[in-house]
Structures are given as structure tokens and as C-alpha cells.
Amino acid sequence: MNKSQLIEALAKAENLTLKKAEMVVNAMFENMAEALVQKERIEIRGFGSFKVKFYNGYKGRNPKTGDLIEVEGKKLPFFKVGKELRERVDR
Amino acid sequence: MALTKEKLISRLQTQVGLSKQESRAVVERVLDIMKDSLAQSEDLLISGFGKFSVRQKNARRGRNPQTKENLILRARKVVVFKTSGVLRNRINGIRAH
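Chains as they are written, first to last, in the working numbering: chain A, 1 to 91; chain B, 1 to 97.
If you are wondering where the hints come from, they were derived from the structure by calculation, not from laboratory data. Predicted, not measured: the structure shown is a model, and the values here were computed from it. Fair warning: there could be bad hints in the mix.
[Unchecked claim] Using C-beta positions, here's what the derived DEER-type ranges look like:
| id | chain 1 | residue 1 | chain 2 | residue 2 | range |
| --- | --- | --- | --- | --- | --- |
| 1 | A | G66 | B | R74 | 19 to 29 Å |
| 2 | A | G66 | B | A25 | 50 to 60 Å |
| 3 | B | A75 | A | K53 | 21 to 31 Å |
Note that the Cβ used here is the ideal one computed from N, Cα and C, for glycine as well.
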């Protein structure tokens with residue numbers, strides 16, 4: 001399922017115009033994305049939680065050329081699935 | 001100070017112009033649709049945010065680190081999330097061109 005299918009499914013289930021459903025879905029993910037940009041945790045009971053983890057940089061090699069390269073540290077969101085979703089998926 | 005479902009509901013209320021009940025209903029519905037999709041092992045791709053997918057894990061031998069007991073972890077399905085490149089760049093302060 002992609003975002004437009006999610007928007008269509010929401011519009012149908014809640015009797016909304018596509019425009020309104022699109023606004024809702026976009027606003028939801030934009031709020032979540034912005035929280036992560038601010039390094040804020042997201043906790044959605046039954047679905048899961050996100051937190052931004054920092055990964056240290058390291059010296060690596062380009063596997064093709066063997067050149068030594070500096071890999072910079074980075075921040076990446078980490079998702080932990082919530083109990084309800086975990087159980088439903090594994091059923 | 002985490003972003004919770006309650007906070008999402010009250011933010012959508014002002015941002016989209018909904019009543020509290022409407023906002024609660026749509027947020028719960030979006031989450032239900034997402035959970036239903038994953039429960040059917042169908043991937044969920046949210047452009048600009050990331051991709052949730054269901055991965056099949058094989059059974060493997062494990063060990064309880066506290067009791068040092070050997071045990072078999074059964075085959076199971078788990079949800080994995082991969083952040084979209086756009087969001088990853090935003091989090092790392094890299095502007096899109």
C-alpha cells in the first residue's frame with residue numbers, strides 16, 4: 001500500500017473528500033517527520049515508537065577501489081513495533 | 001516529551017480544521033488502515049517518510065542471557081522500517097536541491 005492508497009482508503013472509510021483525506025494523511029506524517037527532525041520521540045500505542053539514534057562515523061573502504069574513506073556519523077530513526085501490531089503481523 | 005497519539009490528534013484538529021472527535025476518528029482510522037495492511041503482510045510505503053515492511057524470520061537457536069538457558073526461537077514475522085532518503089536528509093540537516 002502506498003500513500004495515495006492510504007488516502008483513498010481513509011476517504012472511503014470516514015466519508016471524506018479525497019482532498020480532505022490527503023490533508024489529514026500529509027499532516028499526520030509531516031508532524032511525525034518534524035518531531036524526528038527535532039530529535040523528539042514518537043510513541044503511538046498499538047502501532048509503535050520511533051526514536052532518533054546517532055551512529056558514529058568510521059573509517060571504511062570503498063569495496064570496489066579499496067580506497068580509504070571517512071564515513072561520517074549520522075542520525076537515523078529507529079522504529080520499535082508496538083505490541084498490538086507485532087502480534088497481529090505474526091499471527 | 002514524546003509525540004503521542006493524543007498530541008497528533010490535537011495538532012491535526014487545528015492544522016486541518018476538524019472537531020476533536022473528527023480528528024480522533026481520522027487518526028485512529030489511518031492507524032487502523034496501516035495496521036491492517038501490515039497484518040496482511042503487505043508493505044506500506046509512505047513517500048517522504050519511509051517504508052514499513054513485513055519480514056519473515058526463520059527459526060533459530062537462542063539463549064536466555066539471564067538464565068543461560070538454550071531455547072529455540074520459532075519462525076516469526078516482524079515489521080521493519082526503513083527511513084526515506086528525504087527524511088534521513090532532513091534529520092541530518094541536509095537540504096534538498
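Here is what the structure says about each hint:
The beta-carbon spacing between A/G66 and B/R74, approximately 42 Å, falls outside the hinted interval of 19 to 29 Å. A beta carbon spacing of about 57 Å between A/G66 and B/A25 agrees with the range 50 to 60 Å that was offered as a hint. Between B/A75 and A/K53 the Cβ separation comes to about 28 Å, which falls inside the hinted range of 21 to 31 Å.
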